[in-house]
Amino acid sequence: MELSELWFILVAVLFIGFFFLEGFDFGVGMATRTLARNDIERRMLVNTIGPFWDANEVWLLTAGGAIFAAFPHWYATMFSGYYIPLVIVLLALIGRGVAFEFRGKEKAQQWKNSWDWVIFIGSVLPPFLFGVLFTSILRGMPIDANMNIYAGFTDYVNVYSVIGGITVTLLCYLHGLMFVTLKTVGELRERGRKQGQKIIYAVLASLLLFVGLSYFETDLFTVRAGVTIPLIGLIVFAYSSVIILLAKKRDALSFTMSGLGIMMTVGLLFVALFPRVMISSITSANDLTVYSAASGDYSLKVMTIVAVTLLPFVIGYQIWSYYVFRKRVNGKDMIY
Amino acid sequence: MSELILARLQFGTTTIFHFSFVPMSIGLVFFVALMETLYVVKKQEVYLKMAKFWGHLFLINFAVGVVTGIIQEFQFGMNWSEYSRFVGDVFGAPLAIEALLAFFMESTFIGLWIFGWKKLSPKVHLACIWLVAIGTMLSALWILAANSFMQEPVGFVIQNRRAEMNDFFALLTNPQLLVEYPHVIFGALATGAFFIAGVSAFKIRKNLQVDIFKKSFNIALIIGLISGLGISISGHTQAQHLMETQPMKMAASEGLWEDSEDPAAWSAFAIIEEETQRNTFELNIPYALSFLAYSKFEGNVPGMNTLQAEYEATYGEGNYIPPVNATFWSFRIMVGAGGLMILLSAVGLFLTYRKKLETSKFYLHTMVWLIAFPFVANTAGWVMTEIGRQPWTVFGLMTTSAAVSPNVSTQALLFSLIAFTLVYAILAIVLVYLFLREIRKGVVYSTAEDPQVSIDPFNKGAYR
Numbered sequence: 001m002e003l004s005e006l007w008f009i010l011v012a013v014l015f016i017g018f019f020f021l022e023g024f025d026f027g028v029g030m031a032t033r034t035l036a037r038n039d040i041e042r043r044m045l046v047n048t049i050g051p052f053w054d055a056n057e058v059w060l061l062t063a064g065g066a067i068f069a070a071f072p073h074w075y076a077t078m079f080s081g082y083y084i085p086l087v088i089v090l091l092a093l094i095g096r097g098v099a100f101e102f103r104g105k106e107k108a109q110q111w112k113n114s115w116d117w118v119i120f121i122g123s124v125l126p127p128f129l130f131g132v133l134f135t136s137i138l139r140g141m142p143i144d145a146n147m148n149i150y151a152g153f154t155d156y157v158n159v160y161s162v163i164g165g166i167t168v169t170l171l172c173y174l175h176g177l178m179f180v181t182l183k184t185v186g187e188l189r190e191r192g193r194k195q196g197q198k199i200i201y202a203v204l205a206s207l208l209l210f211v212g213l214s215y216f217e218t219d220l221f222t223v224r225a226g227v228t229i230p231l232i233g234l235i236v237f238a239y240s241s242v243i244i245l246l247a248k249k250r251d252a253l254s255f256t257m258s259g260l261g262i263m264m265t266v267g268l269l270f271v272a273l274f275p276r277v278m279i280s281s282i283t284s285a286n287d288l289t290v291y292s293a294a295s296g297d298y299s300l301k302v303m304t305i306v307a308v309t310l311l312p313f314v315i316g317y318q319i320w321s322y323y324v325f326r327k328r329v330n331g332k333d334m335i336y
Numbered sequence: 001m002s003e004l005i006l007a008r009l010q011f012g013t014t015t016i017f018h019f020s021f022v023p024m025s026i027g028l029v030f031f032v033a034l035m036e037t038l039y040v041v042k043k044q045e046v047y048l049k050m051a052k053f054w055g056h057l058f059l060i061n062f063a064v065g066v067v068t069g070i071i072q073e074f075q076f077g078m079n080w081s082e083y084s085r086f087v088g089d090v091f092g093a094p095l096a097i098e099a100l101l102a103f104f105m106e107s108t109f110i111g112l113w114i115f116g117w118k119k120l121s122p123k124v125h126l127a128c129i130w131l132v133a134i135g136t137m138l139s140a141l142w143i144l145a146a147n148s149f150m151q152e153p154v155g156f157v158i159q160n161r162r163a164e165m166n167d168f169f170a171l172l173t174n175p176q177l178l179v180e181y182p183h184v185i186f187g188a189l190a191t192g193a194f195f196i197a198g199v200s201a202f203k204i205r206k207n208l209q210v211d212i213f214k215k216s217f218n219i220a221l222i223i224g225l226i227s228g229l230g231i232s233i234s235g236h237t238q239a240q241h242l243m244e245t246q247p248m249k250m251a252a253s254e255g256l257w258e259d260s261e262d263p264a265a266w267s268a269f270a271i272i273e274e275e276t277q278r279n280t281f282e283l284n285i286p287y288a289l290s291f292l293a294y295s296k297f298e299g300n301v302p303g304m305n306t307l308q309a310e311y312e313a314t315y316g317e318g319n320y321i322p323p324v325n326a327t328f329w330s331f332r333i334m335v336g337a338g339g340l341m342i343l344l345s346a347v348g349l350f351l352t353y354r355k356k357l358e359t360s361k362f363y364l365h366t367m368v369w370l371i372a373f374p375f376v377a378n379t380a381g382w383v384m385t386e387i388g389r390q391p392w393t394v395f396g397l398m399t400t401s402a403a404v405s406p407n408v409s410t411q412a413l414l415f416s417l418i419a420f421t422l423v424y425a426i427l428a429i430v431l432v433y434l435f436l437r438e439i440r441k442g443v444v445y446s447t448a449e450d451p452q453v454s455i456d457p458f459n460k461g462a463y464r
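Residue numbers (my numbering), protein chains in the order written: chain A, 1 to 336; chain B, 1 to 464.
In case anyone wonders, no lab produced these hints; they're calculated from the structure.
This structure is a prediction, so every number in the text was calculated from the model and none was measured.
Wrong hints could be hidden among the right ones.
To be verified - In silico EDC-like pairs for lysine to aspartate or glutamate, Cα to Cα no more than 16 Å straight-line: (1) A/194 x A/251; (2) A/327 x A/251; (3) B/355 x B/211; (4) A/301 x B/167; (5) A/301 x A/2; (6) A/301 x B/164; (7) A/107 x B/438; (8) A/105 x A/39; (9) A/112 x A/39; (10) A/332 x A/39; (11) B/296 x B/262; (12) B/441 x A/106; (13) B/206 x B/358; (14) A/105 x B/438; (15) B/296 x B/261.
Here chain A stands alone, though its shape is the one from the complex:
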């Protein structure tokens, strides 16, 4: 295997990690409006992700940094080509990040409400826009011979990409609800489970719609069909099993299945993309591939050594922090 191929896998792993981890804290952010009924419940929800959300977001930053270092052309094409969507993602992440820290700093109800709205909007927009972004990447963007995207509105926003955005948002929301059932007690936990039992159908419906549209809009079923089709089967299986697991109140297992579902969905995208990293809708000659977009061998070698050395520590202390805060949030001793 070439190093550029290894780095494609690493970037995929970073995005999979990002959506698995930040996926549930986006979902919890959404649940502050849809599940919580009063300020105490909202506070409990925010505190379930309190110690974690910041480190979860670093998965995205690291994915961005890894693309920059390992695939400069991918980084340049994608980030400049998706300028406006990324500006909105940044605004959302900025607002969300400070809102967690600021919301509890003032007792006035209006202060808290305002920041809670920022948390909600900041938790809905990024998964939606990332869904739109990745879907349209898979569909192909007008990339010219100089690797630059000159795109119109409908290249970004069309039925397929919007369905993709909604799907990712729903996956995160379900994942967040599952996390709530793991991290809270009493009524909130019950309600999270009930809400999950309804949302799971919407998740399955939008997933199937998305996969169906992919048949017409992309080469998901023709490129590497031997992997993508079984993977789609597994994704559908994982989410279907959530229906039964929720009915049996097996919270840990339903969280695991929803997590596997989200990871496999992101994985599916990368499997379908490879070896391309950006698909040109003008001509396949303009596609960016892991080979044409990659850094030189020396740079990749250095980065590989660094990543292989550091990643175990990172994963180790992140797991440790989840272990330290393994107890459920019960409404006492809340910081945020």
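Dock chain B against chain A, hints included.
This is chain B only, laid out in the frame that chain A set:
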């Protein structure tokens, strides 16, 4: 307005705004970690109170620093795609390592620190804040390694029409990094120190919780004085290095059009006409520029016109003179603010030694205003470094005008510039409001007032 100007404006705004919080975070968390260490070692409650009070302020500041940092990482690709294509092979690595090594460390252990008072043993809890402190300094190291490459490209070859890394170790031992890093770290420690000293001076002057704030004040001033000296020594070293690597920046920061006399005089003040390339007024200090450039009282410094001719011979036709007034004045503002910081921290320590601090109302009042000075100096320093490097974005390799994204429209840039600037303004207002609120509240003594105190492991006989 052209795309290039808008993109530069946005980069400048974002970087200056972001870098108001970064040094403050580095400086404050170091102080907080120091206070918690004193608490764990000496077991005196007062240090815990100090760690918590300054820790609250640190967290507010840290949150804004973190979120504005996300833009920093994305904007290279968004606004400077040609730059990213050209240097990504070299420049991307330090950014990726910064995320992997520093961001993960900071974000995970800050979570453990905020939420872990009750769940971790005092020593483990202390280790968490030190890991955050180390993380912030590591973060600075990697981003400055990247910036140093822009000032002084090393460890690369030009092939495949781009810069490709061929010596990672050279990036890390870039001579520019070795002078830039200590300068920035001392600057950061000073920023935190003068903030703490200023807030403490305010409290002492109002006669509020004087015991705690006098302790904070003195420790901060010691850090401030040491950092101040560190800043000037590392700054002086940097100036000499500048002579070797970017003499044009040096000449511009002196408003020096023609080669200087030998020994060279330093203009403390000048009226510079950039259009006609002459200075209509100069207030000169003899020998000073020779000392600044070479650490001795002789030697002449090449002027901008000489260098322009040299650069044209090397790089082809073009204007290689950066905006002179901006470079000249930012340098003076930085040096002036730094000098004042050193002077006033020495005065403060003298007053403490003579036990006259509480009665020196004018001095205490001045120290409150001095809070702004490190921020001014930090900003001026970056303005000088980055504007003084123009027209280059990577010195000698790529100009700024060639670096901008060709496919991002004026409308898109206007939208992002306005949106980001608005958000920065809101964040700044909220931050100042919250700071004032926390400062007014002061150090909390009763457990009922502060929910965080009620979950404090340190009060429950942890040492018995």
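Given the hint that residue 194 of chain A pairs with residue 251 of chain A, test it: the Cα-Cα distance must not exceed 16 Å. Between residue 194 of chain A and residue 251 of chain A the Cα gap is close to 12 Å, so the pair holds against 16 Å.
Hint consistency between residue 332 of chain A and residue 39 of chain A [alpha-carbon to alpha-carbon, up to 16 Å]: Measuring from Cα to Cα gives roughly 14 Å; hence the hint holds.
What's the verdict on residue 206 of chain B and residue 358 of chain B, does the C-alpha distance respect the 16 Å limit or exceed it? holds (10 Å)
Given the hint that residue 301 of chain A pairs with residue 2 of chain A, test it: the Cα-Cα distance must not exceed 16 Å. holds (10 Å)
Residue 301 of chain A and residue 164 of chain B: Cα distance at most 16 Å? holds (13 Å)
Given hint residue 167 of chain B paired with residue 301 of chain A - CA-CA distance at most 16 Å: Holds: residue 301 of chain A and residue 167 of chain B sit about 11 Å apart, inside 16 Å.
Are residue 112 of chain A and residue 39 of chain A close enough, with their CA atoms no more than 16 Å apart? holds (9 Å)
Restraint status (C-alpha distance of residue 105 of chain A to residue 39 of chain A at most 16 Å): It holds: about 14 Å lies between the C-alpha atoms, which stays within 16 Å.
Pair hint outcome, residue 296 of chain B versus residue 261 of chain B [Cα-Cα no greater than 16 Å]: With a Cα-Cα distance of about 14 Å, the restraint between residue 296 of chain B and residue 261 of chain B holds, given a limit of 16 Å.
Does residue 107 of chain A pair with residue 438 of chain B here, judged by a C-alpha cut-off of 16 Å? holds (13 Å)
Within 16 Å, alpha carbon to alpha carbon, are residue 327 of chain A and residue 251 of chain A? Measuring from Cα to Cα gives roughly 15 Å; hence the hint holds.
Take the C-alpha atoms of residue 355 of chain B and residue 211 of chain B, compute the straight-line distance between them, and say whether it is at most 16 Å. Holds. Residue 355 of chain B to residue 211 of chain B sits at ~13 Å (cutoff 16 Å).
The structure fails none of the hints (numbered hints given earlier).
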